[in-house]
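According to our numbering, the stretch in the sequence shown is residues 1 to 133, in order.
Just so you know, the hints here were simulated from the structure itself, not pulled from any lab data. We put the beta carbon where it would ideally sit given N, CA and C, even for glycine. Careful, some of the hints might be misleading.
[To be verified] Here are the in silico distance ranges between beta carbons for each label pair:
(1) LYS88 to THR17: 17 to 25 angstroms
(2) ARG91 to VAL53: 52 to 60 angstroms
(3) ILE67 to ASN108: 19 to 27 angstroms
(4) ILE28 to GLY85: 28 to 36 angstroms
(5) THR102 to HIS6: 18 to 26 angstroms
(6) THR50 to LYS88: 53 to 61 angstroms
(7) TYR99 to LEU60: 35 to 43 angstroms
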Amino acid sequence: MIERVHEHIIEELQQNTRTDIIFIVTAILLNLIILAVNSIIAADNHSVTTTIVMILFVCLLIVINLIVIFGLLKGRQTRVKLINGLLKMYRDQNVEGYYDVTLLSNYNTRYNLFILAVVFLGIIAIIVPFITR
Numbered sequence: 001m002i003e004r005v006h007e008h009i010i011e012e013l014q015q016n017t018r019t020d021i022i023f024i025v026t027a028i029l030l031n032l033i034i035l036a037v038n039s040i041i042a043a044d045n046h047s048v049t050t051t052i053v054m055i056l057f058v059c060l061l062i063v064i065n066l067i068v069i070f071g072l073l074k075g076r077q078t079r080v081k082l083i084n085g086l087l088k089m090y091r092d093q094n095v096e097g098y099y100d101v102t103l104l105s106n107y108n109t110r111y112n113l114f115i116l117a118v119v120f121l122g123i124i125a126i127i128v129p130f131i132t133r
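Please model the entire structure based on the sequences and the hints provided.
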């Protein structure tokens with residue numbers, strides 16, 4: 001039974017990783033696309049309509065980035081809970097020496113870097129088109 005629980009936790013960790021990748025790639029692509037589109041709009045036309053379109057794209061970017069950041073924070077919480085479960089299982093089986101507990105802080109650092117990248121890319125995607133306008 002313990003092997004099945006171990007497999008289930010490992011599968012959950014793998015699913016968590018796939019979900020995080022989807023969040024990160026989506027945010028990066030969306031930020032770059034909105035940066036490009038708003039930059040093109042800002043360079044070509046200065047009408048009220050294009051300004052409204054740019055603002056709508058900025059609103060979309062902010063909402064999606066907030067969803068991504070919330071998703072990554074929840075992903076980090078989930079990963080910590082799953083790994084803590086694994087560590088308890090390893091302690092109960094007297095094999096905890098094979099798993100380095102510092103991996104938890106490495107995961108937290110990685111999540112923070114992902115969030116930082118999404119935030120700063122989002123800020124650049126918002127600011128640059130309005131500066132070049």
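For each hint, the structure was consulted:
1. For LYS88 and THR17, the hinted distance range of 17 to 25 angstroms is satisfied, since their beta carbons lie about 21 angstroms from each other.
2. Between ARG91 and VAL53 the beta carbons are some 57 angstroms apart, a value that agrees with the proposed interval 52 to 60 angstroms.
3. In this structure the supplied range 19 to 27 angstroms holds for ILE67 paired with ASN108, their Cβ-Cβ distance being about 21 angstroms.
4. At roughly 31 angstroms, the beta carbons of ILE28 and GLY85 sit within the given window of 28 to 36 angstroms.
5. Against the hinted window of 18 to 26 angstroms, the Cβ-Cβ separation of THR102 and HIS6 comes to about 21 angstroms, which satisfies the hint.
6. The hint said 53 to 61 angstroms for the Cβ distance between THR50 and LYS88, and at roughly 57 angstroms that hint holds.
7. At roughly 41 angstroms, the beta-carbon separation of TYR99 and LEU60 lies within the given 35 to 43 angstroms, and the hint holds.
Hint compliance for this structure: no hint is broken.
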